[in-house]
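Colleague: So you can see what is in the structure, the chains are spelled out below.
Protein chains: 2
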Amino acid sequence: AAPAPADSAKAEKIYKATCMACHGAGVLGAPKFGDKAAWGPRVAKGKPALYTNALNGFKMMPPRGGNPALKDDEVKAVVDYMIAKSN
Amino acid sequence: AAPAPADSAKAEKIYKATCMACHGAGVLGAPKFGDKAAWGPRVAKGKPALYTNALNGFKMMPPRGGNPALKDDEVKAVVDYMIAKSN
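Protein chains in written order, with the numbering used here: chain A, 414 to 500; chain B, 414 to 500.
This is chain A alone, in the form it adopts within the complex (with noise of 0.2 Å):
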């Protein structure tokens, strides 16, 4: 489901603060935000995977897109909020 509202407004500040770097204009082959067509093959790899690529780092994204005070919550909220606006 789509992240509540008031943890959507959290999310996107983690989203503005931590991922945007990359996926504001999509580089370093970072799925554009707000892209279907980048986003569709990830969504389907089903949200776990994407939760751990996300925690973990994956390819050239570090873990939790660099930022590690980032809690595993906040890291996973921030995946939901760009899946929804991406979708």
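For the record, the hints were derived by calculation from the structure and aren't laboratory data.
Quick caveat, the model's predicted, so the values are computed rather than measured.
Incorrect hints may appear among the rest.
Note: identical chains are not told apart, hence a pair may lie in one copy or across any two.
Capping the alpha-carbon separation at 30 Å, the derived lysine-lysine pairs in DSS-like fashion look like this [stated by the list, open to error]:
no., residue 1, residue 2
1, Lys-449, Lys-489
2, Lys-484, Lys-498
3, Lys-472, Lys-423
4, Lys-429, Lys-489
5, Lys-445, Lys-426
6, Lys-449, Lys-484
7, Lys-472, Lys-489
8, Lys-460, Lys-472
9, Lys-472, Lys-429
10, Lys-472, Lys-426
11, Lys-472, Lys-458
Chain A is fixed; fit chain B onto it per the hints.
Modeller: The following block gives chain B in isolation, referenced to the frame of chain A:
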């Protein structure tokens, strides 16, 4: 010591294929290739620390610069190469 010529050509190839994406322009906080001011504090940490960061990933940098196929000594060679050209 600066890498021997043959090594240097090999290291340059690795640099261009893997490292330049961030170090070429110095994006996402990466110390820009050839930028003595940016590399000074890094070099001051000593090569072992830089090798570790390059192998394990550090802040926005993914492990092995995002290329898991790189062997340890290839990662070290390209670190040496970047230092030699930025110091």
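Colleague: Take the hints in turn and mark each one as holding or not.
Modeller: Cross-check of the supplied hints:
Proximity of Lys-449 to Lys-489 under the C-alpha cut-off of 30 Å is restricted to the intra-copy arrangement: shortest distance 19 Å within a copy versus 39 Å between copies. Proximity of Lys-484 to Lys-498 under the C-alpha cut-off of 30 Å is restricted to the intra-copy arrangement: shortest distance 21 Å within a copy versus 38 Å between copies. Taking the shortest alpha-carbon separations for Lys-472 and Lys-423, both the intra-copy value of 26 Å and the inter-copy value of 22 Å come in at or below 30 Å. Proximity of Lys-429 to Lys-489 under the C-alpha cut-off of 30 Å is restricted to the intra-copy arrangement: shortest distance 15 Å within a copy versus 33 Å between copies.
Taking CA atoms no more than 30 Å apart as the test, Lys-445 paired with Lys-426 passes in both settings, with 17 Å inside one copy and 28 Å between copies. For a Cα distance limit of 30 Å, the shortest separation of Lys-449 from Lys-484 inside one copy, 27 Å, qualifies, whereas the shortest one across copies, 35 Å, does not. Taking identical chains as interchangeable, the C-alpha atoms of Lys-472 and Lys-489 lie at most 30 Å apart whether they share a chain (18 Å) or sit on different chains (19 Å). When the C-alpha separation of Lys-460 and Lys-472 is checked against a cutoff of 30 Å, the pair qualifies both within a copy, at 17 Å, and between copies, at 24 Å.
In this assembly of identical chains, Lys-472 and Lys-429 lie within 30 Å of each other by CA distance both inside one copy and across copies; the values are 21 Å within and 17 Å between. Within a single copy, Lys-472 and Lys-426 get their C-alpha atoms as close as 24 Å, and across copies as close as 19 Å, so both meet the 30 Å cut-off. For a Cα distance limit of 30 Å, the shortest separation of Lys-472 from Lys-458 qualifies both inside one copy, at 16 Å, and across copies, at 26 Å.
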